[in-house]
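Just so you know, the protein sequences line up as chains Z and B, in that order.
For the first sequence, this note's numbering begins at 1 and goes up steadily by one.
For the second sequence, this note's numbering begins at 439 and goes up steadily by one.
If you're looking for bench data, these hints aren't it; they were derived computationally from the structure.
Note that the Cβ used here is the ideal one computed from N, Cα and C, for glycine as well.
Do not rely on the hints blindly, as some may be mistaken.
If you want a taste of the chain B side facing chain Z, the calculated C-beta under 10 Å gives, among others [as the list claims (entries may be wrong)]:
id, residue
1, PRO533
2, ASP628
3, SER728
4, THR737
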Amino acid sequence: MRRIRAAAVGAVTLSLVLTAAACGGGSSGSEGSNEQPKTLTYWATNQGANLEVDKKVLQPELDKFEKQTGIKVKLEVVPWSDLLNRILTATTSGQGPDVLNIGNTWSASLQATGALLPWDAKNFEAIGGKDRFVESALGSTGVQGQDPTAVPLYSMAYALYYNKKLFAEAGIAKPPATWDELVAAGKKLTAKGKNGIGAEGSNLSNNIHQVFVLGKQHGADFFTPDGKPDFTSDGAVAAVKQYVDLMAKHKIVAPGNAEYAQNQSLSDFAKDKTGMVLWQTASATFKSQGMNDDEWGVAPAPVQSGKPGTGTATNSMVAGINMAVFKNTKNIDGAKKFVKFMTSDDEQVILNKAYGSIPPVKTAQQDPAFNTPSLAVLRETLATSATALPQVPEESQFETVVGTAVKELFADAAAGRPVTTESVRAKLEKAQQQMPRK
Amino acid sequence: MTTLTAAPGTGERKARENSPGAPRKRRSGRLRRIGLPYLLLLPALLLELLVHLVPMVIGIVVSFKELTQFYIRDWSTAPWAGLDNYSLAVDFNAPIGEALLKSFVTTCLFTVFSVGLCWLLGAAAAIFMQESFRGRGFLRTLFLVPYALPVYAAVITWAFMFQRDNGLINHVLHDQLGLTDSPPFWLIGDNSFVALLVVSVWKGWPFAFLIIMAGLQNIPREVYEAAALDGAGIWQQIRRITLPSLRPVNQVLVLVLFLWTFNDFNTPFVLFGEAAPESADLISLHIYQSSFQTWNFGTGSAMSVLLLLFLLVVTGAYLLLTSRGRKTTDA
Chain Z
1 MRRIRAAAVG AVTLSLVLTA AACGGGSSGS EGSNEQPKTL TYWATNQGAN
51 LEVDKKVLQP ELDKFEKQTG IKVKLEVVPW SDLLNRILTA TTSGQGPDVL
101 NIGNTWSASL QATGALLPWD AKNFEAIGGK DRFVESALGS TGVQGQDPTA
151 VPLYSMAYAL YYNKKLFAEA GIAKPPATWD ELVAAGKKLT AKGKNGIGAE
201 GSNLSNNIHQ VFVLGKQHGA DFFTPDGKPD FTSDGAVAAV KQYVDLMAKH
251 KIVAPGNAEY AQNQSLSDFA KDKTGMVLWQ TASATFKSQG MNDDEWGVAP
301 APVQSGKPGT GTATNSMVAG INMAVFKNTK NIDGAKKFVK FMTSDDEQVI
351 LNKAYGSIPP VKTAQQDPAF NTPSLAVLRE TLATSATALP QVPEESQFET
401 VVGTAVKELF ADAAAGRPVT TESVRAKLEK AQQQMPRK
Chain B
439 MTTLTAAPGT GERKARENSP GAPRKRRSGR LRRIGLPYLL LLPALLLELL
489 VHLVPMVIGI VVSFKELTQF YIRDWSTAPW AGLDNYSLAV DFNAPIGEAL
539 LKSFVTTCLF TVFSVGLCWL LGAAAAIFMQ ESFRGRGFLR TLFLVPYALP
589 VYAAVITWAF MFQRDNGLIN HVLHDQLGLT DSPPFWLIGD NSFVALLVVS
639 VWKGWPFAFL IIMAGLQNIP REVYEAAALD GAGIWQQIRR ITLPSLRPVN
689 QVLVLVLFLW TFNDFNTPFV LFGEAAPESA DLISLHIYQS SFQTWNFGTG
739 SAMSVLLLLF LLVVTGAYLL LTSRGRKTTD A
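Isolated chain Z, as found in the complex:
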């Protein structure tokens, strides 16, 4: 009988998390206090090549903060695969860190839980004011018209990275600026026995970033203005099909990329197997894969025609990391001080330099370190042609269901099954029906 019970318990394991909620229920509704003014717990995201790199980058800065304020920051770098679940568990139980990094696309979803501190005028004042931050980065901090629940920390944008050696071998003179040129370049590369462009077919978030931008280029949004899922519009279908067709129709993405989810496409690129990747701030990864900075080039991500800009000329999402404070922290003043420290000009320059990202703080962006050719492309993209992902509470669900749909379409393409407008629409239809009803 014990086995049965064990099995039964296994079946409802997720309720364990909810028990924790019952235990920690007393903390809900509290607005933070200063009971423990000497310590902070900080969950950082994995920005470097691995978790150790992050610890090496952050620890000296945390020590600096401790010297300035006497507050000891306990650092934990949480891998991306665990982060959202950890945040959810912390939200349900009320037992979380004081300060944490979040992927900026989750801002609205996490804002809806009510667990994060809203950055109203007063709180923004405590960290130097809202206008210190770049407009596009602020656009990805929560639902419009509400106080953001996170502030921008690192900004990133998508760009087209190309392998100079392979481009020279294939006789490609300049990096492609439109999708047609990209396909043509890809075919030249495949003719030489190389892969045209890399994709991470099983990485749901990456799939979303790519099809979101393509959706914009086809005049489609994945949500209606009032926040309802709208995955099956002609533009959305065309966008998803165009992305998967890089493998299915044009064959410039190698079939094996359909199962990539751990940045294998970047190692293919570094190993001279793949000519191009569309990626956000890949420089640090290339370096860790043993590629010199002069072996790769960077160009703005392609558009359908013309030059990158706004609207249908969008060529990147606003990628980045935001910093948030858990509302029920026992060191609210210290937490704000820490956010102020991390978003200060000096720290912004140090940290973004280390991670190859762009500071979302205007004054820090002026530093010459962010004016290198590769970073200038990213900065330019962020300033002129990047759009934030839909700032709706259901964003994280959208990433899961549509990301999975794209993954399944890649699997079809890799297995040689046809990918048609109908099959794309059917997958997106299924994805839309999995969204929570309102």
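Since the structure of chain Z is provided, determine the placement of chain B on it from the hints.
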């Protein structure tokens, strides 16, 4: 009481003197005797309640609520959903119910194959290892290695081996043996069912082997000797002696393997990551995705409760059938 053994007269008198108090003492003694086992069980019972039953009950309660990200911070404020979550889960014409049903069928098929193969391999190996020969101890240990390895480490290794372009499996099947025209995918698409089955059997059969091996030790050698004298061959010995003697062991073994396999979460999760391919979408992973990744804990809980009911029914029926079978054979 010791006084009773003394002189009868004094004892009787003493007993009479004590008579008003005696029944009480006897009653409290009996209470203590009956109460003691319960008292000793109490800590276990309380922990059982806390660790097993309370979360189950909460899970059931949650399955009647509309628990999304708007309410997880204080889930008691989530609105009641009535039977909505259940009707959503069992509406097999709508995508959520259809996907659940598909996942359920996949899981059933997977369980049948996996348990069958685990048992077959375990039984075969255990029977062959009954004869003592050189290296038997070594082989027994070797066979148990998959069972002793941490699941995560083992399955991650399998995931590497199953990679299409750089994996060991395709290197052997395609590059060296040339069995396929192009390297097949194992971690996406239809083959993922096979990949999952291979890992599950690899991981599960040593347990079957261990249990059957233990069961075999209880069959007296003389029975085999007598059967051999009567002219029974090896197959007849296995069919007429080994298998019937192993019956009680097998009953428990199959049940345990069934429950473990049906509920297996780690293997598909580590092998396929956050979104399992449709052909290998096991129910536990499916429920996880329905609740954690889409943040819809009410529906996820409703699916869990349905799964729980199904497992209870199957287990109950199985125990009933097998125990009835045992009774008739006993009689």
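We went through each hint and held it up to the structure:
1. PRO533: 4 Å, holds
2. ASP628: With Cβ-Cβ at 8 Å, under 10 Å, it holds.
3. SER728: 8 Å, holds
4. THR737: For THR737(B), the interface hint holds, since the closest Cβ of chain Z sits about 8 Å away, which is under 10 Å.
In terms of the numbered hints stated before, the structure departs from none.
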